[in-house]
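Using the sequences provided together with the hints, build the complete structure.
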Amino acid sequence: MNFFADFSHKSLADEIGRIRLFSNKIIDTRSPNGVQKDFTDFIILDNIYQKALSSDDIEVFILFSGDGHFSSATSFLKNFYHKQVVIYGVNGSFSKQLRETANAFHILPSEQDVNDSFYKSIFDYLKTSQNPSYNEAIETATKKHRGKASKQNIANAMKLLMENDVISERSIAMPKGKKKKMLFVDWEKAEKYMSVD
Numbered sequence: 008m009n010f011f012a013d014f015s016h017k018s019l020a021d022e023i024g025r026i027r028l029f030s031n032k033i034i035d036t037r038s039p040n041g042v043q044k045d046f047t048d049f050i051i052l053d054n055i056y057q058k059a060l061s062s063d064d065i066e067v068f069i070l071f072s073g074d075g076h077f078s079s080a081t082s083f084l085k086n087f088y089h090k091q092v093v094i095y096g097v098n099g100s101f102s103k104q105l106r107e108t109a110n111a112f113h114i115l116p117s118e119q120d121v122n123d124s125f126y127k128s129i130f131d132y133l134k135t136s137q138n139p140s141y142n143e144a145i146e147t148a149t150k151k152h153r154g155k156a157s158k159q160n161i162a163n164a165m166k167l168l169m170e171n172d173v174i175s176e177r178s179i180a181m182p183k184g185k186k187k188k189m190l191f192v193d194w195e196k197a198e199k200y201m202s203v204d
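In the working numbering, the protein residues as written are 8 to 204.
Source of the hints: derived by calculation from the structure; they are not laboratory data.
All the pointers check out, no bait thrown in.
Restricting the straight-line Cα-Cα distance to at most 20 Å, the calculated cross-link-like pairs of lysine to any residue (SDA-like) are:
{"#": "1", "residue 1": "150", "residue 2": "138"}
{"#": "2", "residue 1": "85", "residue 2": "63"}
{"#": "3", "residue 1": "58", "residue 2": "83"}
{"#": "4", "residue 1": "32", "residue 2": "62"}
{"#": "5", "residue 1": "199", "residue 2": "170"}
{"#": "6", "residue 1": "85", "residue 2": "107"}
{"#": "7", "residue 1": "85", "residue 2": "71"}
{"#": "8", "residue 1": "188", "residue 2": "147"}
{"#": "9", "residue 1": "127", "residue 2": "176"}
{"#": "10", "residue 1": "32", "residue 2": "61"}
{"#": "11", "residue 1": "155", "residue 2": "120"}
{"#": "12", "residue 1": "58", "residue 2": "82"}
{"#": "13", "residue 1": "166", "residue 2": "146"}
{"#": "14", "residue 1": "58", "residue 2": "79"}
{"#": "15", "residue 1": "58", "residue 2": "10"}
{"#": "16", "residue 1": "166", "residue 2": "193"}
{"#": "17", "residue 1": "155", "residue 2": "117"}
{"#": "18", "residue 1": "188", "residue 2": "171"}
{"#": "19", "residue 1": "90", "residue 2": "60"}
{"#": "20", "residue 1": "85", "residue 2": "65"}
{"#": "21", "residue 1": "158", "residue 2": "99"}
{"#": "22", "residue 1": "90", "residue 2": "61"}
{"#": "23", "residue 1": "155", "residue 2": "131"}
{"#": "24", "residue 1": "58", "residue 2": "46"}
{"#": "25", "residue 1": "150", "residue 2": "163"}
{"#": "26", "residue 1": "103", "residue 2": "69"}
{"#": "27", "residue 1": "151", "residue 2": "140"}
{"#": "28", "residue 1": "32", "residue 2": "72"}
Okay, structure coming up:
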């Protein structure tokens with residue numbers, strides 16, 4: 008396994024020790040002339056082409072990148088060398104052209120991974136609240152994600168839980184003839200949504 012990066016960045020330099028647990032093939036892509044732009048893309052592309060030309064036994068190339076600069080290499084591997092190309096990219100920074108060029112692609116984190124974290128926040132609130140309400144559940148879960156999730160994201164996760172009868176909302180009689188809507192959880196059904204610790 009090869010690791011390519013400009014290790015002059017302190018945050019990446021600190022990773023070298025952890026990378027060495029997996030591989031000693033660490034390729035530093037910093038510019039030798041101190042230019043701000045490093046050569047990561049070019050060096051990776053060069054390695055991809057060299058590997059394709061020298062290794063007929065490799066049938067599948069897996070790339071972890073959302074960068075559209077890799078579209079030509081992906082097309083080359085797939086169309087001229089008849090290799091399977093699978094791409095993993097981060098949601099929000101995954102080139103459409105790159106996705107369309109690959110045989111298969113996976114967006115990370117997956118919708119399921121994201122929803123799992125929302126479910127966990129909702130269930131954490133429901134476990135601790137004595138009088139759980141819909142609005143308070145959404146507010147509390149949104150705050151827990153500290154700006155990384157909108158109210159709408161949490162509301163969509165809540166909607167899925169309610170559609171699957173994991174959570175229900177009922178009106179409960181209160182003193183002085185008033186009624187209050189409260190949330191109730193079928194904890195047995197909730198088990199399958201609580202996979203994230």
